[in-house]
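Under this note's numbering, think of the first position of the sequence shown as 23, with each following residue one higher.
Take the hints with a grain of salt, since some may be wrong.
Label-pair restraints from in silico Cβ distances [said to hold, decoys possible]:
1) Gly70 x Pro183: 25 to 33 Å
2) Gln91 x Ala184: 19 to 27 Å
3) Gln91 x Arg168: 24 to 32 Å
4) Gly178 x Arg69: 34 to 42 Å
5) Gln159 x Gly49: 19 to 27 Å
6) Ala182 x Ala143: 17 to 25 Å
Hints listed in this document are in silico derivations from the structure and should not be mistaken for laboratory results.
From the three backbone atoms N, C-alpha and C, an ideal C-beta is built for every residue, glycine too.
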Amino acid sequence: MKDAVSSHGGAAPSEWIVRWSHLCAPGATVLDVACGRGRHMRWFAGRGHAVTGVDRDPEAAREAGAFGQVLTADIEGGPWPFAGRGFGAVVVTNYLWRPRLADIVAAVAPGGVLLYETFAAGNETVGKPSRPDFLLQPGELLAACRGLRVVAYEDGFLDAPARFVQRVAAVREAADASGAPARHPLQGN
23 MKDAVSSHGG AAPSEWIVRW SHLCAPGATV LDVACGRGRH MRWFAGRGHA VTGVDRDPEA
83 AREAGAFGQV LTADIEGGPW PFAGRGFGAV VVTNYLWRPR LADIVAAVAP GGVLLYETFA
143 AGNETVGKPS RPDFLLQPGE LLAACRGLRV VAYEDGFLDA PARFVQRVAA VREAADASGA
203 PARHPLQGN
C-alpha cells in the first residue's frame with residue numbers, strides 16, 4: 023500500500039531511512055521496494071550507491087529511473103523479480119504486502135541492512151490506510167525480521183502527519199575474514 027499522505031514525488035526521504043542509512047556499507051547496492059518516484063533512490067544514489075527500484079506504476083518508475091535502474095513489475099500479482107539476488111540494503115517505506123515479506127527479508131545480503139517503515143494498527147483511527155490488510159499488527163515487523171539482527175525498532179504514533187507506524191533497522195550478520203561478526207556503527211556516517 024502506497025503512502026496515502028504523499029506520492030513519493032519530490033518528497034524528502036523518510037527520517038527513519040536517513041537516520042539509519044549509515045548502516046549501509048559504502049558502495050553497497052540498494053533495492054528500493056515499491057519505490058514510487060524514487061525519493062529513497064535519490065537519497066542513496068547521492069551517496070554513491072548503485073540503486074535498483076521496483077514499482078508497478080510505469081509513470082512513477084520512469085521518474086525514479088533518473089536515480090538508478092527501475093523495474094516496472096507487479097510484485098503482488100507476479101513473481102518476485104529478485105529471487106536469488108542479494109542487496110547491501112533493502113529499503114521499504116509505506117508499503118505492505120505480507121506474501122512478499124519473506125522475499126524482501128531474503129533479499130538482504132550478508133552484511134546488508136533492511137530499513138523498513140510502514141503503517142501499523144491504530145492508523146485506522148487517524149486516516150488512511152485503514153484496512154487491516156495494509157496495517158502491521160503489533161510485533162509483526164519484528165517477527166518478519168527473524169534471522170536478522172535488529173539494531174533499532176519502533177512501534178507507535180507519529181504526528182505531522184498523524185499516523186501509526188512500525189519501523190525497523192536490521193542487519194544480516196556476516197563474518198569478516200577472522201570469523202568475527204561485521205561491525206555496524208550505531209552513530210554517524
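For each hint, the structure was consulted:
Judged by the Cβ atoms, the range 25 to 33 Å given for glycine 70 and proline 183 holds: they are separated by roughly 31 Å. Distance hint check for glutamine 91 and alanine 184: the Cβ-Cβ separation is about 35 Å, which falls outside the suggested range of 19 to 27 Å. The hinted window of 24 to 32 Å between glutamine 91 and arginine 168 holds, with their beta carbons roughly 30 Å apart. For the hinted restraint 34 to 42 Å between glycine 178 and arginine 69, the CB-CB distance of approximately 28 Å leaves it violated.
For glutamine 159 and glycine 49, the hinted distance range of 19 to 27 Å is not satisfied, since their beta carbons lie about 36 Å from each other. Separation of alanine 182 from alanine 143 is about 20 Å and conforms to the stated range, judged on CB atoms against 17 to 25 Å.
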